[in-house]
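Asker: Dock chain B against the given chain A, drawing on the hints supplied.
There are 2 protein chains.
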Amino acid sequence: MSKHGWHADASEILRVGEGFRLADIDPATTPGYQGDKRRGQKDLATRVHDLDELQERLWAESRADETTDAVLLVLQAMDSAGKGGIVRHVVGGVDPQGVELAAFKAPTDEERAQDFLWRIEKRLPAPGYIGVFDRSHYEDVLIGKVRALADAAEIERRYDAINEFEARVAATGTRIIKVMLHISPQEQTERLMERLDRPDKHWKYNPGDVDERMLWPDYMDAYQRVFDRTSTDAAPWYVVPADHKWYARLAVQELLLAALKDIDPQWPVADFDVAAEKARLAAS
Amino acid sequence: MSKHGWHADASEILRVGEGFRLADIDPATTPGYQGDKRRGQKDLATRVHDLDELQERLWAESRADETTDAVLLVLQAMDSAGKGGIVRHVVGGVDPQGVELAAFKAPTDEERAQDFLWRIEKRLPAPGYIGVFDRSHYEDVLIGKVRALADAAEIERRYDAINEFEARVAATGTRIIKVMLHISPQEQTERLMERLDRPDKHWKYNPGDVDERMLWPDYMDAYQRVFDRTSTDAAPWYVVPADHKWYARLAVQELLLAALKDIDPQWPVADFDVAAEKARLAAS
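Protein chains in written order, with the numbering used here: chain A, 4 to 287; chain B, 4 to 287.
With the rest of the complex left out, here is chain A (with noise of 0.2 Å):
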């Protein structure tokens, strides 16, 4: 029996290929994990050792200007999917010394006198960090393209410039994790009427999220869109169940874990000499 639930790979078993259609994903699902929330919540906590582990020693490395690698979570959803849920219990987990949060709303006056990627690259993070997005330059195209905030032509270029934009941060050893955090509707009606029901929730309502709930199908397909036109080598999407919070978690963990262990970050060797240095510090 293996150490903990997962019996495939979460990276290969969750990621956008050719021919993935959104529409055959169960939200309620628990793809390659064997095991009820119980066990889910303990192999999250096991497990963040790991993840933990491995950001030190990416950190380690760029404090010692070894390493131009870095990671970069971006996180989609429709509201209440549990975003920051993820920010929290998943990322929460490593020291916030090496973590770089950036959350993006409706852009400024400033942000949209300049081209639609102009605040996202002045938010990715420097290398030894693990940067995430709290939504992204694929609002630009995913409520850009349902409200018609843009006309057809630009969405096209943007999925063009998001490639290319993409491709040229991942040259850089930025490992790119594009998720979207994928509910059903039922179970979001649930999360909102949570949120009404109880007074210490109401500040995270907002009366706009049911008018985005009203355009899901125009969504699911902007959507299926981004994952045709988006997901590269460079930056490929993972599509990840997420009507199971402890599911989504502890998924988004595993994908971490195996953007870490493709750095494969080690200690920095010293640069000093050991041996003088204990002797050093001993008379001192």
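These are calculated hints, taken from the structure and not from any lab test.
Possibly wrong hints are sitting among the right ones.
As the list makes no split between identical chains, a pair holds if one copy fits it or if it spans any two.
[Unchecked claim] Computed list of lysine-lysine pairs in DSSO-like fashion (alpha-carbon distance at most 30 Å, straight line): (1) K281 <-> K248; (2) K204 <-> K281; (3) K207 <-> K281; (4) K281 <-> K108; (5) K264 <-> K45; (6) K264 <-> K204; (7) K6 <-> K207; (8) K264 <-> K207; (9) K45 <-> K248; (10) K125 <-> K281; (11) K6 <-> K204; (12) K40 <-> K204; (13) K125 <-> K207; (14) K281 <-> K45; (15) K108 <-> K6; (16) K45 <-> K6; (17) K125 <-> K264; (18) K204 <-> K45.
Answerer: Here is chain B on its own, set in the frame of chain A:
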């Protein structure tokens, strides 16, 4: 029997007040706390939930534009005193979305061309955030004084500039908590020796640390002068004995809790019609 080991108010007992003398503080003590490492670690884990909820309330208020309050934790210490551990084990316990970390290294040429507070001001926490400064503008009156990087008149000017700056920041609603983690030279020897003994810790060791260590008495004098000149009502200093890492973490957690309790953030009241939204959601 109290639920936790604190028998005194950390923000009273650790505060640098009139007549404070650093030389009187024993780094191996655990003021205000009754209990050993084991109990301390348990309390740390328990009380992180309080910190977490208070931070979420503060964050919620700021999302609803209902507050300009924020918290700024300034961490200063001799090398290896445990700043990183505070960031990780205390600050790391709250939602990373509400935290802004800034690590200040030796200033760049661009920064040096400006007033010493220029780079600091840019990293102040926005409303709703807990900001953490890993080193700070105090380096400019610590290493700045000890290494005579500025003349005596300039150092004097800086104390006043700091007090004016911090008073202005506090007036906007930011609770400023300035912490010196106080270790003994003996404890530092052990910690630096451990870094030299372990290849996975070599990257944390910097031969320059021993150079600074040799100036220990000068640094203590410089800290004393900082406390005399800049522990104000608007921005008090706290000296936290730090030979016991578990105590230092617990104490800083307590100081953060006190600042958040002082803010007393409340869940924002809905600015929409809850019943109407429930009906809309159910119908959607």
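Asker: Which numbered hints turn out to be false for this structure?
Answerer: 7, 10, 14, 15
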